[in-house]
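Please model the entire structure based on the sequences and the hints provided.
Order-wise, the sequence lines are chains A and B. By our numbering, the letter at position 61 of the first sequence is numbered 61, and the numbering carries on one by one without gaps. By our numbering, the letter at position 162 of the second sequence is numbered 162, and the numbering carries on one by one without gaps.
Hints listed in this document are in silico derivations from the structure and should not be mistaken for laboratory results. Be careful, since some hints might not be right.
Now the stretches of chain B that chain A is said to cover, found in silico as 3 or more residues with beta-carbon under 8 Å [claimed, not checked]:
| hint | region |
| --- | --- |
| 1 | 39-48 |
| 2 | 66-75 |
| 3 | 78-85 |
| 4 | 147-153 |
| 5 | 172-184 |
| 6 | 195-203 |
Quick caveat, the model's predicted, so the values are computed rather than measured. Note that beta-carbon positions come from the ideal geometry of N, C-alpha and C, so glycine has one too.
Single-letter residue listing:
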Amino acid sequence: MSKVDKHEEELARLMFALGESLAEAPASDVLEEAKHNHVNLLDEAEEVRGILRSAGHQYLQRKLRESRETYEAVIAEMQNQRCDVPGTPGERRELLDSVLRERPELEPIVMTAQHRNFSELTDEDVTSFLKQLKILGILDMPASPTNK
Amino acid sequence: MSRSQGRGRPIEEHATTAEVMAAIESLSAEQYYRLKQYARFRIRGLGRAAMGRDYHALLSQAVVSTLHGAEADIEGRKWSKNRVPFVDHLLGAMRSVSTHWREAYERRGTEAERFDCEVAQEDEEGNLLCPTEKAIDPAADPFRSYAAKELLDALDKRFAEDEDALLVIEARKDGMTVPEMVAGLGLTEKRVNAAMQRIRYFVEGML
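Spelled out as structure tokens, the structure:
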């Protein structure tokens with residue numbers, strides 16, 4: 001059963017056709033129509049610009065919020081994830097050192113402006129890097145979680 | 001800035017999010033007015049299929065769809081900024097969005113033909129959601145139908161002595177295009193466009 005009857009369908013076709021004729025009309029015709037309808041074009045422009053602008057800002061804010069939520073979820077997951085890392089600070093530092101020797105392309109990731117020298121890395125930094133490398137699948141360590 | 005290149009076609013440059021936002025601010029007063037009136041014609045044409053949405057919602061969705069297109073590879077509507085003026089892009093986006101709304105409306109309504117126990121679901125908080133509460137009665141709406149007939153009658157009355165306009169109204173109600181009217185009704189394109197403008201003058205006062 002159709003949801004629209006004959007009159008509604010005819011009116012729809014006519015309205016869509018009027019819309020298309022307006023879309024194709026020269027600017028002079030549109031200005032003439034606005035004048036005929038006693039429209040204040042500046043008020044109309046302000047209203048429509050406001051609608052478009054508001055829709056744009058709301059969309060961008062939503063995307064930003066979604067990105068932030070995704071980022072926070074990833075960070076939370078990384079913080080909660082427990083990985084096997086060697087038991088002593090020395091062993092951990094040795095492991096990271098050996099990884100960087102085998103994969104020198106990773107060095108710029110670890111040695112940022114904040115950490116210029118390997119020897120300046122704290123054990124916390126070393127453990128954090130090892131965990132991140134493990135999560136990224138770069139570090140070849142046992143996958144089973146521990147209670148550490 | 002994204003680019004796509006077909007065989008033998010010039011490079012098509014799609015606008016970025018920032019370029020879309022900047023373009024929103026750059027239209028002329030006449031173009032803003034044209035967009036609004038176009039949206040109002042589309043919403044009036046949708047009738048019940050608009051599902052309570054107004055021209056505001058249609059304009060907004062055109063922007064959202066364009067911004068989505070600026071970010072996504074496939075989804076949304078991409079503005080080919082070097083090929084299409086922004087106002088024409090938004091008109092096209094509104095045409096597409098409103099057509100989609102109409103198709104979605106036509107597909108809806110079967111929820112009312114099923115039992116609640118078949119379709120009810122619980123949300124994350126355990127609230128029972130019954131689609132039938134939002135379902136559309138698939139039967140035609142006599143009030144909408146009457147309102148449509150009233151407007152069509154008003155047009156007939158207003159243009160009773162304007163033969164071109166009457167012909168154009170009848171032809172448009174039947175879905176005829178301008179070339180079909182020119183070929184079949186003995187009108188020139190100029191006369192058709194002039195008649196359409198007279199009809200717009202009248203209808204715009206009733207939107």
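Hint-by-hint comparison with the structure:
Only residues whose C-beta sits within less than 8 Å of a C-beta in chain A count toward coverage, and the region 39-48 of chain B has 7 of them, enough to reach three; the restraint holds. For the region 66-75 of chain B, the stated coverage by chain A is satisfied: 3 residues place a CB nearer than 8 Å to a CB of that chain, which reaches the threshold of 3. With 0 residues having a beta carbon nearer than 8 Å to a beta carbon of chain A, the region 78-85 of chain B misses the requirement of three or more and the stated coverage is violated. Restraint check on the region 147-153 of chain B versus chain A: 4 residues with Cβ-Cβ distances below 8 Å, three needed, restraint holds.
With 4 residues bearing a CB less than 8 Å from a CB of chain A, the region 172-184 of chain B meets the requirement of three and the coverage assertion stands. Counting residues of the region 195-203 of chain B whose C-beta lies closer than 8 Å to any C-beta of chain A gives 6; at least three are required, and the coverage claim holds.
Figure legend: structure checked against the earlier numbered hints; the only hint not met is number 3.
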